[in-house]
Structure formats: C-alpha cells, structure tokens
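S.K.: Read off the chains here:
Protein chains: 2
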Amino acid sequence: MDFIKNRRTIRKYKQKDVSSELLNELLEEAFRASTMGNMQLYSVVVTRSSEMKAKLAPAHFNQPMVKGAPVVLTFCADFNRFSKWCRFRQAEPGYDNPISFLNAASDALLVTQNFCTLAEAHGLGICYLGTTIYNPDQIIEILRLPKLVMPVATITVGYPDEMPMQTDRLPLDGILHEEVYVDYTEQDIDRIYAAKESLPENRKFIEENGKETLAQVFTDVRYKKADNEYMSEVLRRTLRLQGFDN
Amino acid sequence: MDFIKNRRTIRKYKQKDVSSELLNELLEEAFRASTMGNMQLYSVVVTRSSEMKAKLAPAHFNQPMVKGAPVVLTFCADFNRFSKWCRFRQAEPGYDNPISFLNAASDALLVTQNFCTLAEAHGLGICYLGTTIYNPDQIIEILRLPKLVMPVATITVGYPDEMPMQTDRLPLDGILHEEVYVDYTEQDIDRIYAAKESLPENRKFIEENGKETLAQVFTDVRYKKADNEYMSEVLRRTLRLQGFDN
Numbered sequence: 001m002d003f004i005k006n007r008r009t010i011r012k013y014k015q016k017d018v019s020s021e022l023l024n025e026l027l028e029e030a031f032r033a034s035t036m037g038n039m040q041l042y043s044v045v046v047t048r049s050s051e052m053k054a055k056l057a058p059a060h061f062n063q064p065m066v067k068g069a070p071v072v073l074t075f076c077a078d079f080n081r082f083s084k085w086c087r088f089r090q091a092e093p094g095y096d097n098p099i100s101f102l103n104a105a106s107d108a109l110l111v112t113q114n115f116c117t118l119a120e121a122h123g124l125g126i127c128y129l130g131t132t133i134y135n136p137d138q139i140i141e142i143l144r145l146p147k148l149v150m151p152v153a154t155i156t157v158g159y160p161d162e163m164p165m166q167t168d169r170l171p172l173d174g175i176l177h178e179e180v181y182v183d184y185t186e187q188d189i190d191r192i193y194a195a196k197e198s199l200p201e202n203r204k205f206i207e208e209n210g211k212e213t214l215a216q217v218f219t220d221v222r223y224k225k226a227d228n229e230y231m232s233e234v235l236r237r238t239l240r241l242q243g244f245d246n
Numbered sequence: 001m002d003f004i005k006n007r008r009t010i011r012k013y014k015q016k017d018v019s020s021e022l023l024n025e026l027l028e029e030a031f032r033a034s035t036m037g038n039m040q041l042y043s044v045v046v047t048r049s050s051e052m053k054a055k056l057a058p059a060h061f062n063q064p065m066v067k068g069a070p071v072v073l074t075f076c077a078d079f080n081r082f083s084k085w086c087r088f089r090q091a092e093p094g095y096d097n098p099i100s101f102l103n104a105a106s107d108a109l110l111v112t113q114n115f116c117t118l119a120e121a122h123g124l125g126i127c128y129l130g131t132t133i134y135n136p137d138q139i140i141e142i143l144r145l146p147k148l149v150m151p152v153a154t155i156t157v158g159y160p161d162e163m164p165m166q167t168d169r170l171p172l173d174g175i176l177h178e179e180v181y182v183d184y185t186e187q188d189i190d191r192i193y194a195a196k197e198s199l200p201e202n203r204k205f206i207e208e209n210g211k212e213t214l215a216q217v218f219t220d221v222r223y224k225k226a227d228n229e230y231m232s233e234v235l236r237r238t239l240r241l242q243g244f245d246n
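For the protein sequence lines, the chains are A and B, in the order given. To convert, note that position 43 of the first sequence is 43 in the working numbering; the numbers rise steadily by one, no gaps. To convert, note that position 148 of the second sequence is 148 in the working numbering; the numbers rise steadily by one, no gaps.
For chains that are exact copies, the list does not tell them apart, and a pair is met inside one copy or across any two.
Using 25 Å as the maximum straight-line C-alpha spacing, the simulated SDA-like pairs for lysine to any residue come out as follows: (1) K53 / E28; (2) K225 / E92; (3) K5 / E25; (4) K5 / R32.
It is worth saying that the hints were derived from the structure and are not from the lab.
From just these sequences and the hints, can you work out the full model?
M.R.: Written out as structure tokens, the structure is:
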C-alpha cells in the first residue's frame, strides 16, 4: 500500500481515455465502503463530454483540470432515490432534514475517497476539487440534480502527465489526541507548524503575496472570512432549495 | 486491491491489542488523503482505556463494538488548530461558519475512509459508527472537544474474530448517471431494488418487524422521521455550540 504513502494530487493528464470498463469496475468496488444502514445514500454523475466539462468549469473557478481530464466525477449526497423507493413501497420517508443531509454526505465522501484510492492503485491520477461545495447551486442546475440530491465532491481522473513534488503534512502528534483532546498552547502551535513554515515554497508564497506570515496568506488571500460567509449563505440557501432544511 | 471488493464490516474483535506503532503508521499514511488547501482540518482522538470506552458507549447507543474493540477512533472536523495558528501569526481567522464546518468535515471523512482501507489492508477489521453525528453533544463533552471541533465519524478497530456474510449493494447502474442526473421512474426503482428485496434476510426482517415492505422497516423502525427531526435539532444546536454558525 506504499502508493498511498507516496501519492500526489495530479492536475495534468495524458490525452488518453479512461475506459468505461475500468471506471465502472473502480466505482463498483468503491461502493463497498461503509454506508449507513446499507442505504447507499449517494449518486455519481459521470462527465465525459467536452460540452458538459465546459459548462462545469466556471463552477470550479475554471481550474484547468475540469476541461483537461478525460473524466470528471461529481459525487452527490442522495436521499432522492431512497425516498422514491419508500414512496413506491407504501412507506413515508422522513429524510428532508439536516441530519439526513449529513448522513448522505458522509456516505458520499467515504465512497469518494475509496474511489480515489482504487483509481491510484490502478495507475490513474486524481484531483479533488473542493470548489464543489462553494458553487453547489450552479452544479445542481448543470447536472439537473433533483431535490434531496446535493453535490459534495468532484474528482478529475486521468492518466498522470506530471510528477509533482509531494506536499508537506503536519507531524502526527499535532493531529492525534490520547483519550481526550488537549488544546494547543502557543508552544505546541510553534512546534507543529515549524516545518511547514520553513519550507522554501511557503516562504516564497508569503513574499509573492506581500504578507508577513503564511497564515495571513490563508486568511487574507486564499480563504477569506467574507468569502466563507458568502459561501455559507449559498450553502444554506442550496440546502433549503434541495429540501434538506425541515 | 481485492480486499476492498471483499471487505466486510467487523463487529467482533480478538482479545489482541493493536500496537501504537501500527496504529500511528496507518494514521500517518491516511493523512496523505487530499485536504483542502493542505490545511488538514481534522483531529483524531484515540480511545484505548476501558474507562473512556465505557463513557463513550452510551453516545453510540451501547453498540457492543465500543467496549469490545481494542481501539476506538473519533475523527473530528477541526478548525480550532488552524485558527489558533492564525491568531498566533497575526492573522484573523474567519472559519466560524457552515461552509468551514463542511470543509473540515469533508477533510475528516476522506481521512477516515483512507484509514479504514489501510487498516483492512493490514488485516485489521473496522466498524464505522454512524451514531457519532446523532449524539455529537455527548461525545464533545466526554472527549473535551473545544470550539471549532466537531466529531464526524467513529471507527472501532481490532483483529477480526468473525467472518460475516458480505452485505448486498445496489446494481451499479442504479447509482451512476451519464452527463446529467436522470430521475428514477417507478420501473427504475423496481429494477434497482429487486435483488435487495428478494434476499431471504430482508424478507425475514420485514416479518420480524411486522411490516409489509422493507422500506417500511426503514421509515417506521430504523430511521424514523421524528428521530431525524430530533437529531437535526441536536445537530443545529451543537454546530452553534461549537461555533460553526456565524
């Protein structure tokens, strides 16, 4: 399983298709992931056509992977199929509420990660697009997602055409807590972030953005409070629109 | 990777410890999963002591795996560590809102699934406890989770002491959509759920619960509307309590 330890996100893909046979095999295996009450509360929309990729690209802030990858997968939290089944079977579903969204989103994200692992094990490269939950309203319209379906993750997939540097990770003891959560002191934070802050690429990042600290690049440039508040409103509105707010 | 295709959830474990060395190795590898902006918005609380397992058990509706497993892991969405780092670096964090919770929960769930795969690859068995998001308030108190930390998944881990039947899954074409989501007709639902409904264990399940259809076992017994509404209120209240509602 060393490929997991050595994995990198891949953003450039070869001009080589990913066959339906392989893709379906990987997805079918991915669906063996744990799922609440074996309800399988997810759907996957497969995008291969250039036209649909061009429509999806703006929702992902035009990151080039969307148009550049042979396959784009949108993993959705889905209580629509299950609720339809209930109604056709004289049962009244009660899944139009926040906990049901979180249950379905959990199911969908477990399957997403399982798919990524399987794809990489088969020599494919993937990129996880976090933008899916920033513009869910646009994606819903483009992919025609009905009520009780909400996109939660997008993965671009293809054969790697690059071998980027592996990104850093925080030291293990900065993430684990034994028995209870012990909150971080200033000394802990200094220690946990020391390696990250000393990386040449991160020092360059601070300089390029005209900031004093790496954290300021995150708070003032990349993930700003005002943007988060705006996207939170979109999220709230979209969950209402998709019927998950009762 | 056939172990993924052949996996089963394991609820009974041998009386054999999982060493810290192995556990840490698996967690460290799991943390190679994709993470938004490389922020690693998660923490993991490791429970080994009988005392803490006994405290956690009721929050998981006393499912026997909590006390029976050598290790219980609680994966948390965590914007506390990152926000502390920002504050100690003259940066003002803006992550006390719903989109930030969903970003951190996504990060945490990807890591959860990655850990499960790695654990199973090393001969361990796992059980995913969906109960974590039903009683997050209790878990927060027991594990002393500060603001901006929210439990999203619990995994019990140990060496398997059972070999249960593999559970069924829906046919692939019931989950995939090509280019756009095509909503399900009654005929689609009949076809997709036919195999599941014909399973002897599911027919027995209907009978034991005195119901007419399998769907009614879900809506009237296992995942009831009233329970979902109650748990949605707990979820809303807990997200406010943990500071994710601005």
